[in-house]
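Trainee: For reference, the chains in residue letters:
There are 2 protein chains.
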Amino acid sequence: MARTAYGYITPENLALFTDLYELTMMQGYYNQSHNPTATFDLFFRDLPPNRGYMVAAGLEQAIHYIETLSFGERAIDYLTEHGFDEEFLSHLATLEFTGDVRAFPEGTPVFANEPLLEVTAPILQGQLLETVVINQIGYQSLIATKAVRMRDMVRRHGDGQSLVDFGSRRAHGSDAGVKAARAAYIGGFDGTSNVASGELFDIPIYGTMAHSWIQSFETERAAFETFVDEYGDESILLIDTYDTVAGAKIAREVAAEKDVDLSGVRLDSGDLTALSKEVHEILEETDIFISSGVDEFKIREFLTNGGIGAGFGPGTALVTSTDAPKVEGVYKLVAVERDGAMQPSMKLSTGKVTYPGAKSVRRVERDDEYHHDILALQSEDCNGAEQLVSVVEDGTLVYEFPDLQSIQEHAMRTLSKVPPTVRKLEDPDSYDVRISPDLDTQTSVLRRQLERQLT
Amino acid sequence: MARTAYGYITPENLALFTDLYELTMMQGYYNQSHNPTATFDLFFRDLPPNRGYMVAAGLEQAIHYIETLSFGERAIDYLTEHGFDEEFLSHLATLEFTGDVRAFPEGTPVFANEPLLEVTAPILQGQLLETVVINQIGYQSLIATKAVRMRDMVRRHGDGQSLVDFGSRRAHGSDAGVKAARAAYIGGFDGTSNVASGELFDIPIYGTMAHSWIQSFETERAAFETFVDEYGDESILLIDTYDTVAGAKIAREVAAEKDVDLSGVRLDSGDLTALSKEVHEILEETDIFISSGVDEFKIREFLTNGGIGAGFGPGTALVTSTDAPKVEGVYKLVAVERDGAMQPSMKLSTGKVTYPGAKSVRRVERDDEYHHDILALQSEDCNGAEQLVSVVEDGTLVYEFPDLQSIQEHAMRTLSKVPPTVRKLEDPDSYDVRISPDLDTQTSVLRRQLERQLT
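These protein sequences, in sequence, are chains A and B. For the first sequence, the working numbering begins at 1 and goes up steadily by one. For the second sequence, the working numbering begins at 1 and goes up steadily by one.
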């Protein structure tokens, strides 16, 4: 079978994970000696339906990509075959990022039009980054947000139930599987079932058993007995293969017979709220874990209807963010060097206007709650706490990435400051993001100037 | 920065891309010397909303995984740290797949409950595969299906418009980016903008230019001129940065001035149908390419309203299958060796019943159209053409994977045989999948037998 049959994206071919037009433009910039410094903003023009905020995530992966970016032999060979010029490819082969990056720290709530990432670099470099940074930051932010919505429901209606990502098999490919686990952890999850994510990101891993274990034995009782023989007190038994209530009784008998305190039982089908109560009657001291179709709405329903559970295992809904499977991150040129100075830039495309210029995001709190943000020019004097931190300067990493645990703590702390009406699961209020006077003026002036050129 | 900051799934850690419970169960099977032969079916219990069929895809990746699966040092070290037994891990370190796999060829329409993949192997091996095979086949089938829906609209309402995947940046991670490109190609696309997919899977790559190219020059005209200087007749100019109609006129002037026949212009915002007609008035001989929010519904609307376009570049809607972002593939034990013979097996979990036993899928045609399928026991004598082919026997690959082009041709041929009412974009009819007499009897008998055990 060919080397590429599985189709891995690895350090060897990651540089090719880009849209062809980025390389086409880069060659044009190179050959035409047009390489001005440019500033690009990565932002969400609109938030997905029923999202009053998004949680920033994926920065570490985006920066790692930027810092280690390189076109090796395999990439250069492919581009040679596809007609790129030798001289441009020689330049590409030695390309390194020499610019600046500012960003929202991971785990921080962000709102529409706020730059999650701002890149200032020679346009040839800045252009190339577009595809990967949107891909990584967009997806992880989508999932961190979905995770936070679930954790928020547990915080409001529950008593510290655990949340574990069970979604790998339904994620959109293997990268989504591991990145969802990471993003979910940022969003307040306790861990993942995905072993590779555990190894890659040092996330706690959890697991129980599948129906196939039960079915592979002649009886459910024999299956439970064998598992308990193997795992003792650590056993979590899946009790819904044939009949959940009957399964709970057998689990109780097996635990008694083998003299173990089960770590728990798992319910994976049926009316989970009602069944959890019935099972609790039978297994009073045993933790009940809930899987199957779990999302933030199901968690709320389960908890507010008196369901009894020690933890939830969301899967598909988490890793595909099923109710809102996309967030349209864009990476737009907002300023470009002209005659030796940075000039604001924008496009006028219908319905797709961007705010020009390098920016500052100021967040103003009142009574320990976020009150409003101000989207301003970077140079502007403004109230509120600056949200963007400097991550890379002149190509050098100047930011110390927090460990995931710290990012999670930051996410939980900042989540508490998002107004409850903005955190609503359905029809949340819009958070107040104000445009600063200078940014507003700059936008109007530039718009008029561009419109004049049209006539 | 740590080696794992980007978090790649590579041959080195792919074996860990599994749910912890698979390994927990495998250790249990191993230590308890319980390793019967088992048959697992991968199938979709229900098709997603508004899907009358799914197109099978991802088999080659799933099989490559199965055939090359290995736990290397890095994986074994991690599992050692996480408390797995040394003896079991020694076994794991030498594990190779020795079983059989049957499957639907890629590009074939499949329906609910039909096994896309059937694995028969010692349970310890068969169990491990679950996470990756669902992940790869589930996602690629979802996207191949989405792509086919778009190609189907072009076949019905258009005149051979090209379709190019522009979705990488909005895909759920990098693996989704490249696998979406592959699946879209299977589903009738002409190519992708993703360079890595081109290199990995030998898919044609396409690209134009971004708004940033335009904005980086003082005027749109200067931007067009410079691009045309670089790329001549191959230029495709993006004309909506400031005003689409004005952009078209400038493009015409630049083409005349530079004496080139533009390869095309791209529209990326506004009322695309109306604008395409206006632009066609200005640039009669120039191909118009349409991007921005393209999906099968937009394509239908554009073409039936007389929009003028030579090609479409679907992005987010394609790679996230936005209207149906999940398909719940399951991998269920359907038979297990007991007393030396394979016995059918099923669970009774509410709403999640499976058909027991190794199966055959027969497809019956009438007048060159699919009429009904029969889901039967593998051993049963039945009408219709067998859909499952043997792919791996005793661990050895016995199937020659067609190249992607051939898979696409197969997909286009078989799509034409799916009844039009089943192919409808909204509220499609259910295709008739019949349960064979023997499978029906076996299901009822086993169900009664299991229910008797409960009482």
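Hints are computed from structural coordinates only; laboratory data are not their basis. A portion of the hints provided could be inaccurate.
Ranges of calculated distance between the beta carbons of each label pair, as one might list FRET restraints [what the hints assert, rightly or not]:
#, chain 1, residue 1, chain 2, residue 2, range
1, A, Ala93, B, Thr10, 18 to 24 angstroms
2, B, Asp339, A, Lys424, 54 to 60 angstroms
3, B, Asn31, A, His91, 55 to 61 angstroms
4, A, Arg413, B, Ser90, 23 to 29 angstroms
5, A, Ala93, B, Val260, 43 to 49 angstroms
Ideal Cβ placement from N, Cα and C applies to all residues, glycine included.
Trainee: For a quick check of understanding: which of the numbered hints are violated here, in increasing order?
Mentor: Per hint list: 4 and 5 violated.
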